[in-house]
Structure formats: C-alpha cells, structure tokens
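For the protein sequence lines, the chains are E and B, in the order given. First residue of the first sequence? That's 1 in the numbering used here, and the numbers climb one at a time after it. First residue of the second sequence? That's 1001 in the numbering used here, and the numbers climb one at a time after it.
For the record, the hints were derived by calculation from the structure and aren't laboratory data. You can trust all of the hints, since none of them are fake.
Result set (PhoX-like, lysine-lysine): computed pairs, CA atoms no more than 25 Å apart in a straight line:
1) B/Lys1029 <-> B/Lys1181
2) B/Lys1074 <-> E/Lys361
3) B/Lys1290 <-> B/Lys1232
4) B/Lys1074 <-> E/Lys199
5) B/Lys1015 <-> E/Lys362
6) B/Lys1118 <-> E/Lys2
7) B/Lys1074 <-> E/Lys364
8) B/Lys1128 <-> E/Lys2
9) B/Lys1074 <-> E/Lys2
Over 10 Å on every C-beta distance to chain E, these chain B residues come out as not near it, computed from the model:
10) Gln1005
11) Lys1030
12) Tyr1277
Over the 12 Å line for every Cβ pair with chain B, so calculated as not near, a few chain E residues:
13) Ile218
14) Leu233
15) Asn249
16) Leu288
17) Leu318
Glycine included, C-beta positions come from ideal geometry on N, C-alpha and C.
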Amino acid sequence: MKQFSTFVRKEFYHVFRDTKTLLMLFGLPVVLIVLFGFALTNEIKNTRIVICDYAKDPISTQLTELLSKGDHFKIDKILTHAGEIEAGFKEGKIKLAILFPPGFSQELIHQGKAEIQVIADASDPNTANTVTSYVHSVVLNYQQTRALAKPESFQIIPELRMIYNPELKGATNFVPGVTALVLLLVCVLMTSVSIVREKELGTMEILLVSPINPLLVIIAKAVPYFLLSLVNLAVILLLSVSLLDMPFNGSVFLLFGVSSMLILAALSLGLLISNSTASQQTAMIISLMGMLIPTLLFTGFMFPLENMPIALQVIANLVPSKWYYIIVKAIMIKGLGFSAIWKETLILAAMTVALLFISFKKFKIRLS
Amino acid sequence: MMDVQVRGLRKTYGKPPVTAVDTISFDVKKGELFGLIGPDGAGKTSIFRMLTTLLLPDGGTASVNGFDIVKDYKFIRERVGYMPGKFSLYQDLTVEENLHFFATLFNTTVEENYALVKDIYIQIEPFKKRRAGNLSGGMKQKLALCCALIHRPLVLFLDEPTTGVDTVSRKEFWEMLKRLKEQGITILVSTPYMDEATLCERIALLQEGKILSIDTPANIIRSYPDQLFAIKSDQMSWLLKELRNNPEVKTCNSFGEYHHISFKEIAADTESALINYLKKAGHSNLELFKTAPTIEDCFINLMN
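Using the sequences plus the hints, can you model the full thing?
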C-alpha cells in the first residue's frame, strides 16, 4: 500500500512540476468550452433587419417592439416604402426584412387571419433558416398571448413548439459534446504520454526490474489523471452553467458516475496507445488524431448522426462519446434519471470494461 | 557458488534477424566484479537486459542467483539492482525524492540500507533538494548508483556506468565499485573503455555478439602471443603506413602517443635494423622500446 501511495504521489509531482502538462490539463477544457460556447455557436445574435410597415397600427407596432426586444434582432430602419428593401439586401447590411401590409390589424381582427411577409437573405441558407425561425417564434408567441386574453380573436394557432431549447441556445448542444471531447482528449493524451515518457527516459526499465506489480504501476498512473479529470469536469460544468446559462436539471451524482466510466474508458485507451508507441510525439499524435476526429464526427454534437449513411451510423455506435453525449443530454437538459438511460449506460459500461480488460492484458511485463 | 550462469544465450532482433548475442556462455562467481568489455554494438546491453529479465532470449538459458531468467523472472526482479546505460531517474524529482521513491519501490526504506550507500550519497547530499535533471553527469551517475543499491541487491548490473562521465568521476566510480564488492555484492559491469578492464576481477571480451575470451585481465595480457614494442617518430601517420607495409612487421596499431608493433621473427638485430631503415627513409626523433601489451592490444589481436 505504501508503494502505491508513493507512486501516486510521484505521478502528482510529475503533473504539477510540468507547466506544459498543467496547461494542457486545465487550459484546454476552458478554451474549448469558451470557444464552443461563444465563438462557434450556431446561435445568431444581433441580426440587422428592416421593417417596412404599411399598416402602422397597434398590432404591427407591438410586433415590431417584440422583435427588437431580444438580442436576436437589431432593427436597422423602419421603412415606409418596400422598394428600399432590396437596396438594404444588396449592400449586405441586413439579413432579413419584415413587411406589414396596409390594414394589417383590421384584417386580423375581422377575418381572423392576416399575413406578414418575411424576406430573408438566403445566400447563406443556414442563417436564413435560423433567423426566419426566430421571427416565426416571436409571431407565434404573440399570437398565443393574444389568444389567452381574447380567445375569440384568432381561430387557428399553428402548433410549433421547440422543446428543451425554446430560445434555440447553442450551448445546450455543445456542452455535453465538448465535455466528452475534453475528457477523452485529456485522459487519453495524458496517460499515453506519461507512460511513454517513462519508456523514453528509460525509467520503465528500472520499474520493470523491481518487485512492483506492473498493474500497480498502471493503476497508480491512472489515479491522478482520474481525479484531475473529475476536477476538470466540475470546472466545465461550472463554466457552462454560470457562463453559458446551460440548464442543469438532473442528478449531479449520476452525471459524475457516468463521467467516471468515460474517464476509465479513456484511460485504458491511453494505456493501449502507450503500449504500441515508443516516443512521446507519436503517442501525442495518435491520441490527438485518434480521439479528436472520431469524437468530433461521431458524437453527434457537430453533425447530426441521423443524416449519416448507415455504415457511418454503425461506426458511430463504437464511439464511446456518442453514448456519453446521449446520457449527458438526458441528465443535464431533460433532467431524466437512471431508468431512462440505463441502456446507454450499460453500453458505455461494457465498452469501458472491454477496454480496461484489453489494455491490462496487453500490458508488457518486458521491454518487447 | 555461481551467482550468474549463462549457457548458450542467443538474441536476435528484427526481420531478417540480426544476431545481437551469438550463443554465449559464462559464469560469474558470488561476490565477483565481472566486466563485459566490448565496443558499441557488441551485445553488452542485450545481455544485461536478458539477465535482468527485460528481454526474452531466443535461445539458451541463464540463471541469476539460482533463478531462471524466463520462468522465475519475479524472483530475479526482487533480488537484483539494475542501472541502465542511459541516465534513468526522474529528472523532475529531487535527489532525495528519487532515492526515497526507489527505496519504496523495493519495499524498503532509505534508513534501513543507508549504510550501504552512505559513502556515495554523502557526496551528493549537499544537493539533495536539487532536481535530478539539474545535476552534473558524474553526480547523476552517483545518484543512479545509490538508487540501484538502496534495496541491497544481491547482484548488481551496471550497463556502461562510466560512459559520458569525466576521468576523475570515472576513477571515483570504480573505487566505489571496489568497496561495494567488499560488501559481498556480485557486480556485473559493462564498458567500452578497454583501460577499465583491468579494474575488474574477470572480464569477457565481446565482439559482435561473441565472446572472444574470458579470464582475469592479467591472464588475458599474459596470453598475448608476441613481444610488443612501442615506436614513435615525428611523422606518426607516415610511420604507421610504412610499418604496415614492412614485411618484417606482423601487426601495427596506433595507441595515442605510440604505435604498438610486433615482429614476425625477432632476431638480435631486429630492432636496430628497423631503426636504421626508418632513419634512412627520413624519420626523425625515432624511439623504439619493449612494452607490455594492454587489454586493447589483446582485444585487437583476438579480433583478427
């Protein structure tokens, strides 16, 4: 036992005395969360729009006010003539125009329905889609509040509800994915590099020619990274809840439990990589390439898995982070308990056990 | 009682296989200071790695302290101390931390075996708070030796401990080894420096994975077949060429300040005849005298 604790202490010394490792360990998650949360979000803010209001009646004014209220839109100009709209698009200053026809309120009140025209710059189809959907939701909201006050005023209210993410926040999609990415990257990278470093320095030779059980060496190496990864996870969660307004509805305990499994899977992957590499550089490249690309592609937070060909969907099933992503979304956003995610958890657990088993089996008790 | 027994040990690497250790056999007695002497690539490190159970042999058997290097590797790992050729301690841990770590690794404490390493450790103790990576070459070597000794091993393997260490530290190092030997520890040491061979009790001369000769250094020198002469002039490289082309001369090799030569046949006037011949050829300040062969002479002789 004393052997083990001395070993773990030694590993902590290695981590805390190497600024590069420290930076990687704690800088990377923060940078990734901030990057994905703020810079790389698919949420569109402060879109400049114009409004051409022929009606100038109470409802059109109210709607205009509602549109300018949130931080999605910034009203550039209120036009009086539709001919000026095109000029705004051509200059590229605006992304969207809204046109209220004359007699808008009257038509709505008398006939129970009226139209407004929403014109979007579709040269960037994704942006156009997103911003028109914002307009749509603002209009729908307005209809609903009106309907509550005067039930007879509108006959049909179209059903369009955005569940879990009514404000179309980007962070809810990214945080679980980035969490998986960070845990995988950091754990795989750190374990593989720290074991290969012992090989490179030649200290592995001395460790092997000693009575210590090689498994103990491995476990002692994994312990600090395991603990530090949990700290990392806490930092990520704090950042995403406080900075990115990420909801947290489920059990913290359950989330940490599932995360521990992913960390273990990552640690054993790192061990596997270290087995077949001889230099820190190679270990680093394999870990980065081998982790980054599948995690980005097949987790589902960047590219929807549903749209992929069947073959790729099958491959995605082999990526642990895909299951982790599903579980974290269920716990954090939907606030579901274990009964809802037991299947995914079981798959993740099976992967972890299999990886641990293979890496222990393949661990070399000699030099070659 | 033999502490190390090697029988027909063989090791090959890669495909097509390159033979690194070619069917060698030797014994090391308990408490002996045994040297493996040979140039780089002679197979010294491979032999050490097989004996310390780090590599599996491709043929033959060997035992250390009575334990088989393949079957009983766990027992060997408890009993031997190993110092690899490359400085292999944790550079980011201090001197003290390294020593304590290796003591714990072997289930012992620094205090328990301090007597054994005291002489050596005292020299690096002023720097005990310094990180191992910031030590000088000689001090790193001393620390590595302390760490290899801290669990009082029965057999100590030192792979090229003096490579890259200055002359003074090398001398000190060998004196430390002699004192350790007096404590009853069997020591196997490898070195490419032929002048260190005479500091061992017995040596094996290695070349391309084969043993050329095993004996005490004195016996190996005694068995040198010819009378050896040292020769010198002001034109050394020309002299070497000239002597090698001379039909009377059997061998001629450069040894620092002098060339060592042996003759095919020695008559009463051989020496004076050579001097006269070389003088006529234009050499100045000629010097020729009898000399005792060194291990290097023996090595070159055995190599051919």
